[in-house]
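Engineer: Read off the chains here:
Number of protein chains: 2
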Amino acid sequence: MIRIALDMMGGDNCPDCNLDGAFDALGSSDGFELIMVGPEETLRQKTADWSQELRSRISFVNATEVISLNEAPVQAIRKKKDSTITRGAELVKNKEADAFVSAGSSGALLAAGQLKVGRLPGVQRAPLAAFVPTKKGFCFFMDCGANVDAKPEWLCQFAQMGSIYMKEVMHSENPSVKLANLGLEEEKGNALTKEAHAMLKEMPDVNYQGFVEFRDVVYGEADVVVADAFTGNAIIKTLEGTAGVLMGMIKDVLKSSILTKLAAAVIIKPLRAKIKSFDASEHGGAVLLGLRGPVIKCHGNASRKEIRNALLQARDYISSGVGEKIAAAIADSTGKETSVPQHISVD
Amino acid sequence: MIRIALDMMGGDNCPDCNLDGAFDALGSSDGFELIMVGPEETLRQKTADWSQELRSRISFVNATEVISLNEAPVQAIRKKKDSTITRGAELVKNKEADAFVSAGSSGALLAAGQLKVGRLPGVQRAPLAAFVPTKKGFCFFMDCGANVDAKPEWLCQFAQMGSIYMKEVMHSENPSVKLANLGLEEEKGNALTKEAHAMLKEMPDVNYQGFVEFRDVVYGEADVVVADAFTGNAIIKTLEGTAGVLMGMIKDVLKSSILTKLAAAVIIKPLRAKIKSFDASEHGGAVLLGLRGPVIKCHGNASRKEIRNALLQARDYISSGVGEKIAAAIADSTGKETSVPQHISVD
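Protein sequences appear in the order of chains R and Y.
According to the working numbering, the first sequence is numbered sequentially starting from 81.
According to the working numbering, the second sequence is numbered sequentially starting from 81.
Extracted from the complex, chain R is given alone in its bound form (with noise of 0.2 Å):
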């Protein structure tokens, strides 16, 4: 049975959020159970009048700390041994759980999953992966943030390891792959994009199509995207922080008359489901590609809906055996030897 951890103290509204999305998951797919990292009492009270079904499916590894935001990522790990993140990423190193979600510390998440659960051999860095929404549904994007200064071998490596996963988790058939660029001419780029051009070109296993200009990327004209981390941290920042401001500049001008607001009554339903086409955290979370077990990080302001879906995409990670996938093609290219995330024993 897969077994899954949720940092059930991550996030803006943990844990009720947290609570309610893991039960909307546990409802709809028994495919999985449950470990609720948190504090044992206050969550045992809390999902006491769970039916007797949903709570033969949980089980509890309390944790009484909490690493809030403005730590310092990498010192919080190490000095508190006891909060959701270090214990939920232990529990994935340890092998007692397959998969760790959080919607908390996006910092102390990166540092739990490359410090405590390990990289798989011969992957040189884990790129935080996320679904970005796009015209035309959505891309799935990396490095939204993990790794600053990047190789371009790096990038290699995230070409390769987002096709594997939008081929095994997402059933995309030959998933094409491009690198975001301030143009599409071969002499356009700084050095690391043009030097990593080129290394793709000559990579068999990945379907590479060049470069999207960073327009287009929200305009959907590829299946994965590839950056460094800080342009790919300006990319995904920038078109929430966008439609952020454009969607609170629509409400204001829907409330502001008595006209609007019935205008609004009529638009508000067909609005809604056109916006939702615009959210990818349909798709689940963001996840650190590469690690011996995979860890998937939430907004901090993750709705019931998103944890939610993070929980069926740790269940589709492990099921579609994508990681041992991606531990394989790596060995291949790496020369490595083929070492399947199960059976390393990790530090």
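Hints are computed from structural coordinates only; laboratory data are not their basis.
Check before you lean on any hint, since a few could be wrong.
If chains are identical, the list can't say which one is meant, so a pair holds when it fits in one copy or spans any two.
[As the list claims (entries may be wrong)] Okay, derived cross-link-like pairs now, DSS-like style, lysine-lysine, Cα gap no bigger than 30 Å in a straight line:
| no. | residue 1 | residue 2 |
| --- | --- | --- |
| 1 | K341 | K354 |
| 2 | K268 | K161 |
| 3 | K281 | K356 |
| 4 | K247 | K215 |
| 5 | K268 | K160 |
| 6 | K247 | K405 |
| 7 | K274 | K160 |
| 8 | K268 | K159 |
| 9 | K159 | K274 |
| 10 | K281 | K349 |
| 11 | K160 | K216 |
| 12 | K161 | K331 |
| 13 | K349 | K216 |
| 14 | K215 | K274 |
As the structure is a computational prediction, the values presented were derived from the model and not from experiment.
Mind docking chain Y on chain R? Use the hints.
Structural biologist: Positioned in the frame of chain R, the structure of chain Y alone reads:
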């Protein structure tokens, strides 16, 4: 009298849109003369019915070639000696015009700015600086894409030049300057950002306020925002792309049924007014800062209004004396002799 050269064959809707924009600018300000660069005969015909007063303020420089968007910029500038962009930049170089405005090929315009007009003494790189819409109005943002693989000292000069522009042209009293980054903490950022951050803190003539997170650029958290050209291009193009996709979605919703069309009739006017506040082309085009004379880039799909505003911006650039102030400040901080633009012979 201030003399501004306009590329009549740049942009998607040339020359008519350029003529309309020129007409509006000349009509709304008598503080400048216009040099129309393009096919002289056609332009003479098309302005034949303009008033005697307006016609007395325009002159023509014949240029028979146009640099297309897919030509390699540097080669195009060198080869197409009779192109509008080459001719326009040469007018500034030869002091026959004080400024050059174009909606043509960005790459060719950047190349013409650097190669023909040339940088002020001590200026290491000329960034493309644009007005970026924010929730609070706009910020002055650079580098939007001119100089990849930046060095920290370039970013410091960008901050310096951007501050002076905001003070002199936009009348901002003590503009705050921030460096775009993936977090606010000192230890966050790539090597370039960390180095530039340390240097910016020591600059006496810049009101440096530290990092701004990528997401908060669009929320208007700084007056001047500095980034390297690769990241900067990622930010502004993602902003434009996201706004384009979302506005398209809203239009689709408003057109989707009879009821939503009725609702649209009510909200379209206040919505347009609100969206207009999220359109920084109100303030003009993007400026190549630090050249011996201003070169201003409009969007390829620039409207009549954007052309008009860019011409008025060029006028304000010259009348404010911002070029001389930038030259003096850079000379001060680099120890090079002050060289006021109008007295320099170029190349």
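Engineer: Each hint: holds or not?
Structural biologist: Here is what the structure says about each hint:
For a Cα distance limit of 30 Å, the shortest separation of K341 from K354 qualifies both inside one copy, at 19 Å, and across copies, at 16 Å. For the homomeric pair K268 and K161, the shortest alpha-carbon distance between copies (23 Å) is at most 30 Å, but the shortest distance inside one copy (47 Å) is not. Neither within a single protomer nor between protomers do K281 and K356 lie at most 30 Å apart by alpha-carbon distance, with minima of 35 Å and 43 Å respectively. In this assembly of identical chains, K247 and K215 lie within 30 Å of each other by CA distance solely inside one copy; the values are 21 Å within and 39 Å between copies.
In this assembly of identical chains, the alpha carbons of K268 and K160 lie at most 30 Å apart only when taken from different copies (21 Å versus 46 Å within one copy). Taking CA atoms no more than 30 Å apart as the test, K247 paired with K405 passes inside one copy only; the shortest distance there is 10 Å, against 57 Å between copies. For the identical chains of this complex, K274 and K160 are inter-copy neighbours only, at 27 Å across copies versus 42 Å inside a copy, given an alpha-carbon limit of 30 Å. With identical chains, the CA atoms of K268 and K159 are at most 30 Å apart between copies only, with a shortest distance of 20 Å across copies and 45 Å within one.
In this homomeric assembly, K159 and K274 come within 30 Å of each other (Cα to Cα) only across copies, at 26 Å, whereas the closest approach inside a single copy is 41 Å. When the C-alpha separation of K281 and K349 is checked against a cutoff of 30 Å, the pair qualifies neither within a copy, at 45 Å, nor between copies, at 49 Å. Taking the shortest Cα distances, K160 and K216 never come within 30 Å of each other, neither inside one copy (43 Å) nor across copies (40 Å). Neither within a single protomer nor between protomers do K161 and K331 lie at most 30 Å apart by alpha-carbon distance, with minima of 44 Å and 52 Å respectively.
Taking CA atoms no more than 30 Å apart as the test, K349 paired with K216 passes in both settings, with 20 Å inside one copy and 29 Å between copies. For a Cα distance limit of 30 Å, the shortest separation of K215 from K274 inside one copy, 27 Å, qualifies, whereas the shortest one across copies, 35 Å, does not.
The structure is inconsistent with the numbered hints 3, 10, 11 and 12, although it conforms to all the rest.
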